[in-house]
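Asker: Residue-level listing of the chains:
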Amino acid sequence: MADDSEKIPDSPGKEPADLDTTQQSVDQEEEKPKDQTPPPAEPSPKKEKAKKEKVKKEKEKSPKKAPTTRSSKMVACRVLLLDGTDQEIEVEKRAKGQVLFDKVCEAANLIEKDYFGISYRDATDTRYWLALDKKISKQMRSGPWVFAFEVKFYPPDPSQLTEDLTRYHLCLQVRNDILSGKLPCSFVTHALLGSYTVQSELGDYDPDEQGVKYIQDFRFAPNQTNELLEKIADLHKTHKGQTPAEAEMHFLENSKKLAMYGVDLHQARDSELVDITLGVCASGLLVYREKLRINRFAWPKILKLSYKRSNFYVKIRPGEFEQFENTIGFKCANHRLAKRLWKTCVEHHTFFRLKEPEPPNARMPLTFPGFGSRFRYSGRTQHQTRQAAALIDRPEPRFERAASKRLTTRSMDESEPYNTSENPDQSAIGYGHPDRANARTPSLAEDEAGQGGRLRPGEELGAPGYHPPGGQAYTDHVELKTTGVNLSQDGVAYYKRGDSIPPTTPKAMGEDLDDEDAKIKYGYDSRYGPGYENQDTLEMRRKGGHPDGYHYPGQQPDRQNRDLIQELKRRQEGGQGEGDDDDDRYDPSTEHLEKKRILITTTTTTSPAHGTSATNSSSSGSSRSSSENSIQLDVASNNLVEGVDDLHAQQDSITTESYVTAEMYTETTTTTAAGEGAGKMAFFHGAGGPGGESQEDHHGYKKTTTTVVMTTGDDSSMPPTVPTERVKYDPNAEHTTTSTTDVPLVKTQSRTVTYSSSGDGGRDLLPGELVSSQSHASRSQTVETTTYKTESDGVVETTIQRKITITSEGEELDHDKMLAEAIANVTSEYLPQDRTVQKIEIKTDTEEVGAD
Amino acid sequence: MPTGKGKAPDVFRYHYAIVSRIPNSFKDSSLKQKEPAKPIDLEKARQQHEEYVETLRKLGIDVLELPLDERHPDCVFVEDTAVVINGTALICRPGASSRLGEVAVIRQTLRKELGLKIVEVDNDKATIDGGDVLWTGKEIVVGLSGRTNQEGAQAIAKAFPEYATCMVRVEGALHLKSLMSMAGPELIAVSRSPAAQKVLKRVQEQVTYSYMILTVEEEEAANMLYANGMRVHLPDTTIPKSFPIIENKLDFQNRYAQDISELQKADGDLTSMSILIQKVKHPKNFSSGVSDEDLGDFPVVTL
Numbered sequence: 001m002a003d004d005s006e007k008i009p010d011s012p013g014k015e016p017a018d019l020d021t022t023q024q025s026v027d028q029e030e031e032k033p034k035d036q037t038p039p040p041a042e043p044s045p046k047k048e049k050a051k052k053e054k055v056k057k058e059k060e061k062s063p064k065k066a067p068t069t070r071s072s073k074m075v076a077c078r079v080l081l082l083d084g085t086d087q088e089i090e091v092e093k094r095a096k097g098q099v100l101f102d103k104v105c106e107a108a109n110l111i112e113k114d115y116f117g118i119s120y121r122d123a124t125d126t127r128y129w130l131a132l133d134k135k136i137s138k139q140m141r142s143g144p145w146v147f148a149f150e151v152k153f154y155p156p157d158p159s160q161l162t163e164d165l166t167r168y169h170l171c172l173q174v175r176n177d178i179l180s181g182k183l184p185c186s187f188v189t190h191a192l193l194g195s196y197t198v199q200s201e202l203g204d205y206d207p208d209e210q211g212v213k214y215i216q217d218f219r220f221a222p223n224q225t226n227e228l229l230e231k232i233a234d235l236h237k238t239h240k241g242q243t244p245a246e247a248e249m250h251f252l253e254n255s256k257k258l259a260m261y262g263v264d265l266h267q268a269r270d271s272e273l274v275d276i277t278l279g280v281c282a283s284g285l286l287v288y289r290e291k292l293r294i295n296r297f298a299w300p301k302i303l304k305l306s307y308k309r310s311n312f313y314v315k316i317r318p319g320e321f322e323q324f325e326n327t328i329g330f331k332c333a334n335h336r337l338a339k340r341l342w343k344t345c346v347e348h349h350t351f352f353r354l355k356e357p358e359p360p361n362a363r364m365p366l367t368f369p370g371f372g373s374r375f376r377y378s379g380r381t382q383h384q385t386r387q388a389a390a391l392i393d394r395p396e397p398r399f400e401r402a403a404s405k406r407l408t409t410r411s412m413d414e415s416e417p418y419n420t421s422e423n424p425d426q427s428a429i430g431y432g433h434p435d436r437a438n439a440r441t442p443s444l445a446e447d448e449a450g451q452g453g454r455l456r457p458g459e460e461l462g463a464p465g466y467h468p469p470g471g472q473a474y475t476d477h478v479e480l481k482t483t484g485v486n487l488s489q490d491g492v493a494y495y496k497r498g499d500s501i502p503p504t505t506p507k508a509m510g511e512d513l514d515d516e517d518a519k520i521k522y523g524y525d526s527r528y529g530p531g532y533e534n535q536d537t538l539e540m541r542r543k544g545g546h547p548d549g550y551h552y553p554g555q556q557p558d559r560q561n562r563d564l565i566q567e568l569k570r571r572q573e574g575g576q577g578e579g580d581d582d583d584d585r586y587d588p589s590t591e592h593l594e595k596k597r598i599l600i601t602t603t604t605t606t607s608p609a610h611g612t613s614a615t616n617s618s619s620s621g622s623s624r625s626s627s628e629n630s631i632q633l634d635v636a637s638n639n640l641v642e643g644v645d646d647l648h649a650q651q652d653s654i655t656t657e658s659y660v661t662a663e664m665y666t667e668t669t670t671t672t673a674a675g676e677g678a679g680k681m682a683f684f685h686g687a688g689g690p691g692g693e694s695q696e697d698h699h700g701y702k703k704t705t706t707t708v709v710m711t712t713g714d715d716s717s718m719p720p721t722v723p724t725e726r727v728k729y730d731p732n733a734e735h736t737t738t739s740t741t742d743v744p745l746v747k748t749q750s751r752t753v754t755y756s757s758s759g760d761g762g763r764d765l766l767p768g769e770l771v772s773s774q775s776h777a778s779r780s781q782t783v784e785t786t787t788y789k790t791e792s793d794g795v796v797e798t799t800i801q802r803k804i805t806i807t808s809e810g811e812e813l814d815h816d817k818m819l820a821e822a823i824a825n826v827t828s829e830y831l832p833q834d835r836t837v838q839k840i841e842i843k844t845d846t847e848e849v850g851a852d
Numbered sequence: 001m002p003t004g005k006g007k008a009p010d011v012f013r014y015h016y017a018i019v020s021r022i023p024n025s026f027k028d029s030s031l032k033q034k035e036p037a038k039p040i041d042l043e044k045a046r047q048q049h050e051e052y053v054e055t056l057r058k059l060g061i062d063v064l065e066l067p068l069d070e071r072h073p074d075c076v077f078v079e080d081t082a083v084v085i086n087g088t089a090l091i092c093r094p095g096a097s098s099r100l101g102e103v104a105v106i107r108q109t110l111r112k113e114l115g116l117k118i119v120e121v122d123n124d125k126a127t128i129d130g131g132d133v134l135w136t137g138k139e140i141v142v143g144l145s146g147r148t149n150q151e152g153a154q155a156i157a158k159a160f161p162e163y164a165t166c167m168v169r170v171e172g173a174l175h176l177k178s179l180m181s182m183a184g185p186e187l188i189a190v191s192r193s194p195a196a197q198k199v200l201k202r203v204q205e206q207v208t209y210s211y212m213i214l215t216v217e218e219e220e221a222a223n224m225l226y227a228n229g230m231r232v233h234l235p236d237t238t239i240p241k242s243f244p245i246i247e248n249k250l251d252f253q254n255r256y257a258q259d260i261s262e263l264q265k266a267d268g269d270l271t272s273m274s275i276l277i278q279k280v281k282h283p284k285n286f287s288s289g290v291s292d293e294d295l296g297d298f299p300v301v302t303l
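Protein chains in written order, with full-length UniProt numbering: chain A, 1 to 852; chain B, 1 to 303.
Bear in mind the hints are in silico, worked out from the structure with no lab data behind them.
Any given hint could be a false lead.
[To be verified] Chain A is faced by these chain B residues, among others (derived, beta-carbon under 10 Å):
{"id": "1", "residue": "Gln150"}
{"id": "2", "residue": "Phe160"}
{"id": "3", "residue": "Thr208"}
What you are looking at is a predicted structure, and each value in this text was computed from that prediction instead of being measured.
All C-beta atoms, glycine included, are put in the ideal place defined by N, C-alpha and C.
Turn these sequences into a full structure, and let the hints steer you where they fit.
Answerer: So this is what it looks like as structure tokens:
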């Protein structure tokens with residue numbers, strides 16, 4: 001089965017468009033008109049210019065002064081432009097990034113704006129891109145609204161840009177990159193590029209000039225010498241007659257060939273914790289050790305990109321003589337940086353490789369239309385922006401060029417942070433700032449330390465799940481163990497020093513460029529797509545008999561959850577939690593955010609017409625720094641149900657602190673068939689589990705469901721940092737709320753409500769064999785279906801567990817509604833036939849990061 | 001719309017070459033991977049070297065001949081002492097300690113005579129033999145051999161940041177360029193020998209751009225010198241099996257057969273005996289063979 005499903009993602013035209021979400025597409029529709037027509041409130045360019053001047057003057061007095069809120073609704077944003085000047089732009093507090101972006105582009109008179117973006121920096125000076133389809137306020141959690149207007153996607157061939165103005169801005173960006181060290185050059189190249197800059201800004205060489213005085217104020221290179229200025233002046237003489245636009249074209253024609261042109265650098269470590277740098281560019285992903293490029297994955301060579309926690313995974317298309325795909329793992333300093341890297345890859349791939357962004361329709365799993373979203377690049381692709389640019393019908397706009405001089409003063413003093421204090425991953429390879437890299441918050445450092453060891457797959461192999469006595473199992477490690485298992489079975493190789501590197505065909509950029517090559521999965525395996533699910537569901541229905549012993553669980557958990565949800569809402573409103581999955585900034589020291597997850601699990605048990613069997617199922621957990629609202633519905637029925645997927649992925653999605661659940665399906669794609677062994681390993685045999693076990697005699701069938709709550713810790717054998725308490729709910733009992741104790745940086749609350757049809761506290765846990773599992777993830781929600789088979793006394797019983805995890809991080813989600821829909825979905829879609837609900841479990845975890 | 005696209009500069013257009021005459025000590029004291037069956041005939045070696053210099057001149061290259069240096073028996077193999085690309089000369093730290101002293105005169109010549117920008121290796125642990133540095137015209141491949149280590153490779157990458165630099169392990173040969181060399185733009189000559197093929201595979205895994213491969217028979221036949229549109233290769237007396245291949249595949253007009261059999265006894269090859277230098281007074285572009293096609297856009301695809 002796995003073999004079949006493996007092929008699906010590779011075959012053209014079959015990949016389900018799983019990706020954008022309804023929510024996102026709505027946003028797009030809202031925003032799109034603004035693309036074309038600026039909002040009415042927008043100031044005229046003239047006015048803007050006047051304002052700009054004014055700001056400049058103000059800045060001279062107090063350059064560091066951050067813009068302040070002028071009215072309750074309008075917020076002043078300070079945007080650092082590529083020429084080194086500041087622009088102050090007012091936007092509504094609730095405005096989306098697009099509004100600000102459009103205003104900046106408008107002021108700059110840029111039409112070919114898709115190459116650009118708005119960035120902001122966090123407390124550690126790490127650069128993030130403002131998501132245009134999301135509210136600015138949700139992305140800027142703390143600190144003043146200070147942004148930079150920058151090139152986000154460097155066109156590989158600048159000569160194909162339509163307007164000189166666009167090229168001019170690209171030039172400014174490249175000059176900044178040179179000065180910051182991002183784009184390293186030798187002396188000779190500095191001289192050549194500098195000479196074009198001078199020609200562009202000063203025009204022809206004036207023979208009356210003496211020496212290099214006339215260019216002394218320019219900044220050409222990070223450590224420029226008089227010798228360089230002399231060389232530049234010398235070369236300047238030879239550019240006589242070139243117009244500014246021509247000089248810029250020459251500048252870019254050279255720049256584009258530089259090895260580091262347009263490469264976005266991210267610090268990471270390989271499996272041996274050796275520092276490496278990952279570079280994302282138009283052509284793919286590059287891996288460097290210091291200055292040397294040690295590997296290269298052109299987009300066509302990449303099958304899937306994903307991240308989990310602070311790990312980033314690249315699944316490589318097998319080479320000619322290889323049987324298995326390789327997955328290579330890298331470790332970032334923390335989860336946020338892993339996600340940032342992943343997003344950068346997704347965006348670059350979409351922009352440069354696809355004709356159009358993945359369409360926003362038809363992608364949600366059948367069961368949950370309209371829920372959540374998963375991050376995708378939703379702007380125009382290069383292809384689209386070129387098409388649009390071809391229609392530009394205006395005379396070349398006139399503009400002034402005078403940047404380098406200003407850059408001189410600015411980059412040396414007040415704009416220092418912008419030009420020179422790049423954070424480690426922005427700075428040039430080999431100029432790494434180890435100090436900075438280490439200057440993480442304690443919790444993150446701990447996190448790092450804890451996870452460091454996990455990168456070695458071997459350690460996890462075969463290690464049984466740890467079930468400490470006392471009712472709590474610690475599952476982080478289950479997931480990791482499964483990872484380990486998968487690593488071996490899947491041929492996952494972590495990047496290692498001295499490893500033989502999976503071949504990247506040198507021709508890869510030019511060859512192999514059939515359609516299917518473009519289909520990189522972003523942490524989401526298409527075989528989990530709607531089509532598949534459909535089939536499974538249908539099959540399940542076909543095979544189902546009549547409802548038998550069916551307990552409708554909806555009411556109870558629903559009510560329970562409403563309470564939970566309301567409580568959560570109250571709490572959420574109390575905090576300033578903002579942002580959502582994709583824009584979540586994890587910065588414990590300055591931020592206060594809440595994350596919520598709702599987890600609904602349904603377990604359906606099926607057994608043949610006679611006999612007794614048992615199943616076990618269900619694992620859920622709350623990770624140390626995340627939180628969950630979870631509902632689990634365990635449903636038992638007499639159905640043979642098929643599902644495809646694997647359990648590991650599901651567990652991953654629950655147990656990790658990864659807020660985007662879509663990221664989890666990393667190494668598991670080939671394992672479904674590979675093994676039951678893997679499944680078994682992955683399955684959590686919570687023999688000593690807490691009160692989540694039940695045994696039930698139902699119309700002659702004996703069903704056993706076990707639920708184990710797993711709490712993630714940070715190290716595979718360590719207890720969790722945040723204790724999670726589990727409360728079992730049965731029809732006769734009340735749910736309870738438990739607040740966890742404070743931990744240094746993360747405050748978590750979790751609550752579990754369990755409904756169990758048996759009402760029996762004592763359950764038996766029998767080992768189950770994983771038949772299949774399936775999972776769908778969207779931004780705020782994960783739906784997982786797992787099927788186990790258990791055999792006891794020759795009788796085979798099948799249990800289906802369906803788990804829905806709703807996660808939000810300070811996002812305004814109608815948990816109530818989502819919960820109700822989730823329950824309805826689970827019960828109606830999955831319970832029409834003779835299935836019985838064995839257990840419903842609702843689990844709520846709330847977490848406040850940095851609350852103290 | 002202005003276009004900055006001129007004719008792509010020929011990165012293998014060389015104006016100068018540095019060579020070094022053969023000292024007497026070369027006969028007995030030069031480093032050899034294995035002792036030759038017959039001892040080096042010094043006179044013959046010198047004669048072959050002179051022919052080699054003549055050949056370079058035929059290619060239109062100004063040859064600077066350094067006087068022989070008896071203290072350095074291997075000084076004839078100047079390639080190992082410096083890597084010159086794009087007007088920048090990285091002064092190597094040869095992996096054989098006996099050769100460390102060779103670089104001084106080279107450094108001086110490159111700076112004073114040719115006015116190149118000199119870059120030094122700033123890591124004492126680094127060793128680099130120029131024979132391990134394959135400049136393809138678009139990127140740099142560094143062979144990790146007995147003479148060049150990873151620190152050396154880093155130094156090369158740092159000295160030439162304009163170019164993607166990758167490294168490959170080299171076994172069974174003195175240098176990377178003992179196994180392969182540029183036989184033209186985007187054309188790598190490599191022999192059929194297992195050692196060479198193994199390294200070639202690694203190279204293909206690592207490089208950014210695509211290259212055509214010219215497969216020859218004898219290992220030593222894979223080392224050619226390509227400059228100014230012409231190739232210098234070994235004669236059929238040395239490479240009887242490969243010679244017909246080369247004759248067949250390469251333009252007859254643009255090649256010279258050059259016998260260096262006596263120098264080969266000390267592991268010499270055609271590229272090892274010169275440092276080729278491009279010297280453009282007023283460049284319009286930095287030296288790069290990367291073409292628009294190389295950077296080219298992907299054919300965009302629709303999902």
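Asker: The structure should be examined with respect to each hint, and the outcome stated for every one.
Answerer: Right, here's what the structure says about each hint:
Contact between Gln150 of chain B and chain A, as hinted, is supported at the beta carbon level, the nearest pair being about 8 Å apart and thus within 10 Å. Nearest Cβ of chain A to the Cβ of Phe160 of chain B: about 6 Å, under the 10 Å cut. The hint holds. Proximity of Thr208 of chain B to chain A holds as hinted, the smallest CB-CB distance being about 6 Å (cut-off 10 Å).
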